[in-house]
Amino acid sequence: MNHTDKNIVQYKPLPGDFAIWVFIFAELLVFGILFISYAFTRKYNLELFNHHQQFLDRETGAINTVLLITSSYFVVRAVDAIKKNMSQQSARWLALGLLCGAAFVVFKILEFNEKFSEGITLSTNIFYMFYLCLTGFHFMHVLLGMVILAFILVKTHRRKYNADDHDGVETGASYWHMVDLVWIILFPLVYIIR
Amino acid sequence: MTRFAITSSTKATLIWLLLVLLTLVTYGLGKIGYSGTFVITIVLASVLIKGHHIIADFMGLRGTEKKWRWLMQGWLLLIVAVIATAYRYS
Amino acid sequence: MKYQSQLVAQKYFIAALSLFLGQILFGVIMGMQYVVGDFLFPEIPFNIARMVHTNLLIVWLLFAFMGASYYLVPEESERELYSPALANLMFWIFLVAGALTVLGYLLFTYSELAALTFNELWPTMGREFLEQPTITKVGIVIVALAFVFNIGMTILTGRKTVVSLVLLTGLVGLAVFFLFAFYNPVNVVLDKYWWWWVVHLWVEGVWELILGAILAFVLIKVTGVDREVIEKWLYIIIAMTLITGIIGTGHHYFWIGTPDYWQWLGSIFSAMEPIPFFMMTLFAFNMVNKRRRDHPNKAAVLWALGTAVMAFLGAGVWGFMHTLAPINYYTHGTQITAAHGHMAFYGAYVMISLTMISYSMPIMRGKVANSQAAQTLEMWSFWLMTVSMVFITLFLTAAGILQVYLQRFTDTPITFMQAQEKIEIFYWLREVSGIVFLIGLIVYFISFFVKGEEPQGVEA
Ligand code: HEM
Ligand code: HEM
Ligand SMILES: [Fe+2]
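Top line first, the protein sequences correspond to chains W, D and P. Heads up: the first sequence begins at -6 in the working numbering, then just goes up one per residue. Heads up: the second sequence begins at 68 in the working numbering, then just goes up one per residue. Heads up: the third sequence begins at 5 in the working numbering, then just goes up one per residue.
Hints may be right or wrong, so weigh each one.
To be verified - Among the chain D residues that face chain W by a calculated CB cut under 7 Å, a handful are: (1) SER75; (2) LEU84; (3) TYR94; (4) THR104; (5) GLY118; (6) ILE121.
Unchecked claim - Lysine to any residue pairs mimicking SDA-like chemistry, simulated, CA-CA at most 20 Å apart: (7) P:LYS371 / P:LEU306; (8) D:LYS134 / W:ALA12; (9) W:LYS76 / D:GLY127.
Everything labelled a hint here was simulated from the structure, so no lab data went into it. Keep in mind the model is a prediction, meaning the values are calculated, not measured. Beta carbons are placed, not taken as given, at the ideal position from N, Cα and C, and that holds for glycine.
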């Protein structure tokens, strides 16, 4: 009798290069610690946090959330397309994803610009210190993610990937989703809940 | 394949819709300016749902080894739980 | 050895090891002065000995990094060194400049040396680790630039590998951040602020790239594991190093007059600096476990694993211990710092240098590996030095904890010198461990001269 065979479950590997996953785990750890520090610092500076949070720009925050989610979605479609060997469609989805990322960057720069022109800096108070650090650090990740996306976009466009060989696309996609995931927590934490 | 199977693209689109909807709810709650346990619970629950789907479906962890899913979903759950604690007793 | 020009590395390594001996001798002298205050006074005052100890450390590590690069880069790039003549010339310039500087420290008072070297024209002297006269600093820059040029040309015109590119990035960073040594503002806050750009961004930034690259190279050679696997690890390690290490500089900006937010940034980011060191440990052990061949140079493998463990302990664990602002508030500038400084420098940079020397010296001397007898002795020296360094660290940590308690934490604090008296026993124990370290180093030197039947095998 051979009942072991039946019990073998076929697991998928993590999508993309394993290296990016170790990197993602490490990055999530960094953000996790930042989020937890924020939450507990707020606990001990309740009035200050609640007061200044009102002045954050929730509208751009929300628009930016939708942009990142949508961008992530486009990148999912790009991976789907390359799995079906449709590299040009895939490149188009990637381009759309990149476009959303760029829009995010523009809105974010406008938002930062407004805060800076009000004379707000890291030293203004502990709330703004966290606000600028969290959003600023995330912002740099958006930029890095976009560089990676642009890189795989070019390669996809040149038909360097196909149904059998698209590790690169999945690698970039995984990182980009991580950037999205972090924002999904950051936005309500810093802009909304009180 | 059954008749009701939906393609992975359709599924992704549905999830995208869900994510956008939840974001609008979150924003709406912020806009009204309500605060308190009730709002925080709803917002954090929506973070959990959104995060869960991004991890499982967008990042594609569904169907991978248990340890990876535990690691990622566990991270999400932990962060949200810690935030909830910090906000609950504030 | 695949390329003739790799041989220049040998003289760099010999110089490095000689200066290492000097460094340890002065360490032991200072350790004695800690307990017998007038030991060798007035010939060698403590402050001079300290300067010689730390400067020799930096200089010999630079020699070792250069030697390691001259050995590693031709092999990775699959071509001869761009200019062996330049490498030779720079060796002598660096050695003479280094020797003159140390002689200057020992023969003149520091202020005489400053006057003699025209420090007033561009004052850069008088800061820890950067005590060298300005002209010596200029010499270091020239040597570093010529070196980076030589290595860069070799890499860029040859086969480009991840290992050699990471190494090059680290070396360029090393040269660039040293430039901050020339900036010496009058404002003490600003002075300290930029001083850390050399000191911290070296050891917790660009040097880590050099460390990672050399470790990866040696592991490729001794384990035969696929290059792709090793490169992946290297990528992640350097990414984590830079993410955490750059903003982590903030852990030196807690109490020097810099803005408050550094207490947050410094604590949070530097608290994660142990991650890349931990990954290096996982990396080394993983690769050795997956090895495809058993390299006859067992000593080199031991050094490589030792580096991975001790770097994590010294930098990761002992660094973490005092890196959060509320803790550093008490431990800042105490013996805890010295404990960490010793184990981190030894575990990361001394050991990686010895790893590379252990791997490459036998090859440069025409054999795959040393004889069994020589390797056994070398392994003895490994254990003597490493264990005594662990003890130095433990004794200093004990001294530090007591110091913090007596002098800063208790409700009835006592003064610095009173506290020092109470912890004297640990300084004696440190000195004993230091002497064992010196013995270990001598055993290490002897292992180079032990003959015996050399193992046969293909050169890797
Ligand atoms: C490879 C081995 C060694 C390394 C890498 C090393 C490194 C260092 C470093 C980086 C410092 C400056 C510490 C700081 O600024 O906090 C230092 C200082 C010092 N070292 Fe070493 N050292 C080594 C071996 C020794 C030995 C064997 C002894 C002797 C017992 C010794 C005794 C001292 C003393 C007494 C100081 C001055 C501490 C002070 O100013 O209070 N070192 N060493
Ligand atoms: C191989 C890597 C490292 C080396 C060689 C090293 C070496 C040193 C040295 C020599 C000092 C004393 C500087 C002085 O003269 O004031 C120092 C200070 C310090 N190091 Fe490191 N370190 C390393 C990594 C780390 C890491 C990873 C951390 C944190 C996790 C860390 C945390 C600290 C802190 C907080 C101080 C300041 C101590 C004080 O306030 O007195 N170091 N380090
Ligand atoms: Fe540091």
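Structure-based check of all given hints:
1. The interface hint given for SER75 (chain D) holds, since its Cβ lies 6 Å from the closest Cβ of chain W, which is under the 7 Å cut-off.
2. For LEU84 (chain D), the suggested interface contact is broken, since its CB lies about 9 Å from the closest CB of chain W, more than 7 Å.
3. Checking TYR94 (chain D) against chain W by beta carbon gives a least distance of about 4 Å; that is within 7 Å, so the hint holds.
4. For THR104 (chain D), the interface hint is violated, the least distance from its beta-carbon to any beta-carbon of chain W being 10 Å, above 7 Å.
5. Annotation: interface hint on GLY118 (chain D) holds; nearest CB of chain W at approximately 6 Å, less than 7 Å.
6. For ILE121 (chain D), the suggested interface contact is upheld, since its CB lies about 5 Å from the closest CB of chain W, less than 7 Å.
7. Among the hinted pairs, LYS371 (chain P) with LEU306 (chain P) is consistent with the structure: their alpha-carbon atoms are about 19 Å apart, no more than 20 Å.
8. Among the hinted pairs, LYS134 (chain D) with ALA12 (chain W) is consistent with the structure: their alpha-carbon atoms are about 16 Å apart, no more than 20 Å.
9. Between the alpha carbons of LYS76 (chain W) and GLY127 (chain D) the distance comes to roughly 13 Å, so the proposed pair stays at or under 20 Å and holds.
Violation of the numbered hints given earlier is confined to hints 2, 4; the remaining hints are satisfied by the structure.
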